[in-house]
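The two chains are supplied separately, each in an independent frame; assemble them into the complex guided by the hints.
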Amino acid sequence: MEFEPVIGLEVHVQLKTKSKLFCSCATEFGAAPNSQVCPVCLGHPGVLPVLNKQALDYAVLCGLALNCSISKFSKFDRKNYFYPDLPKNYQVSQFDKPICGKGKITFLINGNEKTIGITRAHLEEDAGKLVHSETGAESGVDFNRTGIPLLEIVSEPDLRTPEEAYMYLHMIKNIIEYLGVSDCNMEEGSLRCDANVSIRPKGQEKFGTKVEIKNMNSFRNVQKALAYELERQEDEILGGGIIVQETRLWDADKNQTFSMRTKEEAHDYRYFPEPDLVPVKLDENYIKSLENQLPELPFDRMNRFTKEYTLTGYDAQVLTSSREIADYYEECANLTDDYKAVSNWVQSELLREINEKKISIKESKVTPSKLTDMLKLIQKGVISGKIAKIVFHEIMRSGKDAEQIVKEKGLVQISNPDELKNIVEKVIKDNKKIVDDYKGGKEKSFMFLVGQVMKATQGKANPQLVTKMLKEAIG
Amino acid sequence: MSFTEKDVDYVANLSRISLSDEEKKNFTVQLEQILKYVEKLNRLNTDNIEPTAHILPVSNVFRDDVAKICPTTRFAVEQSALLVDGLFGVPRVI
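Chains as they are written, first to last, in our numbering: chain A, 1 to 475; chain B, 1001 to 1094.
No wet-lab data here; the hints were simulated from the structure.
The reader is advised that the hints may include incorrect statements.
[Claimed, not checked] Covered stretches of chain B (in silico footprint by chain A; criterion: 3 or more residues with CB under 8 Å from a CB of chain A, positions within the stretch not fixed):
1. 1011 to 1023
2. 1062 to 1070
3. 1077 to 1084
4. 1087 to 1093
Cβ coordinates follow ideal geometry from the N, Cα and C atoms, glycine included.
Same shape as in the complex, but just chain B (with noise of 0.2 Å):
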């Protein structure tokens, strides 16, 4: 199954991005090869082989329930582009 225009438009509105025309075919030709060279893997046969939830051999890793101030929290929200109030200014989605 190949790639077309249309998964490129279905996928640009899933990432709320909108492409010009030339931008759509240069992804859909991109895209096209990226998936087939991936499509290598379908070679292996896989029947027997348990599907891996993380690539470490790794398991319950957790933390108390303790609450602590962060030492960058204003750091970290000053990194906005916008803010008012306090808010993270966003364009306006009602």
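One chain only, chain A, in its complex shape (with noise of 0.2 Å):
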């Protein structure tokens, strides 16, 4: 029997505001255990909160850029549950009047587009953080999250592949880091994601038995998980057995899922409408006054990149990945028309090197003036593409310009017959074997040549130049 995977993400996106969503305490990562809390976010008697008028522009602003119709009227709802990370008891969430309803967002798989439908968007405050030690009696809790605004993104169960969630995620994150609204840091935890599984036989409407899964902390995670869970439910079902509704666990350490203590399964939160909150009343000017401020999002950067830039999907792809690196590659645009080339440099040595040393596009010392005026020194002729390499990592490493390195370091290429016509000549005398190979038919002892002049002139002679007079002189 041939089964179908049917997949829905519910990604959490932290927000990045300045104060939580319903009190004034502050959002900043890395402070010291409950020092960023008050008696609102703590959950203390006769306290009331008031919505962060921020948090609510951002999370209209994710909702338009998924395109998600907008609520004109949304409200809080208390989501019920005891468990030590909620100092309330209930955690305010959005129940049955989310401030985001269906949207849609589209993506690139193998080339291929594919488009994933979005069921809701809501806001809810985030839940502390657990401190287990490994001896003691007690757990600890530090509330400093607590409060710190989250956007929730349902996915409609559109996901057919562990592959097209990984995609999917991807396209989300790079959409809300477009907006500049949250870091989507997995590791960090302002990005996180649980997952729905369930397999149905090819061609039954109905779906399966669901299962959730958590504690995935990377894409890459939540593509394995998912592909694991799969083929246990596939494995489960054909042994005759069934599926059980539950919770399950993703152990990246043991590449499994496990199940979660059914215990804790009682999923009934009665929802009822947070009465210390009222409701969120937004009009069409409001959302038009967003509509605005919407950059031009990465699908669109990208179909676009591949017309104006004449680039291929996949490369369009790499470079609207990240905003900060389409910007880069637009601002080199505007100085040179070869959009090729700043491409590869772009995608190779740059993005590598900003890799490998952990910083931003805009931290790099080559900046987009910098690689056009070297890639105009390649055109030129004045330095080849393999010492434009040692130009570049000048660059990096001390921000000259090309122009200078090149001069500095004597790295002009030589395009001057008379300054080679020594050294051509005193390789093929060196190398008569080699010669007499590649005239007997051996194209490769031609290349081992060329070689050898580029080498006795430290790579600085033009191989275009090269190849001609050595063909000339061996004739």
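Structure, rendered in structure tokens:
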């Protein structure tokens, strides 16, 4: 029997506000435990939460970017459950009137467009962080994170493979980063993802019993956990078993999902309207004003890059994978029309360097003008592509101009036949056997001779000229 | 539909509390009475009445996104029954 996977993802994005969702406590990461808390976020009796306007703006901005309908009327609800990371024993969330309704996003997967529906996106407060000591009889709770605004983005069960889930997450992250409303750092927890997975016999309309997977702390782990879980479910069914609706935790060390104790499983949150917060009513003008703030989004920008700069879909996808890189590329494209060369240099040397140095592209000493000036030297034949790599790393190191580096280090390409004549003759004389091999039809031997001339000139000889001169000399 | 001891068990489980048999019996009776009392509301016809999200006709109360230091942070934290290295101590949960 062939099965079809059905996957839906819940993504929690921490919004980058200065203060919490319902109180004025700071949101900075890494502060001393319980130093950014107050009676409101600790849920002391009689306190009054008030909604952070910036968090609302960010949520609506995200909703618009995800093509969601924006609710003219929304409200907050209490989601009740008892767990020590929740000081109030309820989480302020949104139940039946989320800020953002149905939407969709489109991305490329193996060169094909795929559109995934968004069910909803709503605002809620984050919970605290539990700290478990190895030996102690107690667990400790740090409530600094409590009350930090989260946007929960729920996808439709439209995803069919772990790879699609991976690409979907990338696109969500990409979009949110373009908006600048979250750091989207999965390791630091500013982006988190849970998955709902089930399988059904191919052709069957009805969904199978779904399992929720938690505790995946990287996009790759989401992909791996889904692949594992799909196989587990298939084995279970083919072995005559049934799938139990449950929550399973991903163990990245063992590469397996494990069942959480079912006792924790009473999913009865008894939602009711939060009486301490008043409803939110949004009008057309407000929504329009945020619409006007939307930047060009990654998918549109990718499509424009392929047209405007005649790039392949793959190149355009890499170059628009972050707003900073795309901005950098466009600045370069304004300074040169060698779009393909810029694309190659950005994708290979530049991205490798900034990833190794763990800096942002803005911090790199190779500014767009410095890069394009160097590319012009290649175009004019002043330096070879090989020498350019040396120049590039020198710009990266010192921030000097390409031209200055070329002068200082004497890296100018030798394009004068007179300067190369003696060297070419000497190489032919010293390598008689190889010349004969070439004459006898061994094409590879020719490249060796070119290499010898390049070596003798420390890579500065113009390779096209060397090829021409060697061919003429050998006859 | 009447309230049974099974319902009390369910609610107690959600609330993370354990009850003695006698407490269960008492609560079953009391909760049943409370629900019966509230049941009167079912006699009203609410077909054309919009659900109320808030008891006051107020909406859109916002704060600006400004981080402030709360003067009573320390006091608030010290209300914890148990503090371990600045963390709220709770029964071990893992």
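Going down the list of hints, with the structure as the test:
no.: 1; hint: 1011 to 1023; in the structure: holds (count 4)
no.: 2; hint: 1062 to 1070; in the structure: holds (count 9)
no.: 3; hint: 1077 to 1084; in the structure: holds (count 4)
no.: 4; hint: 1087 to 1093; in the structure: holds (count 7)
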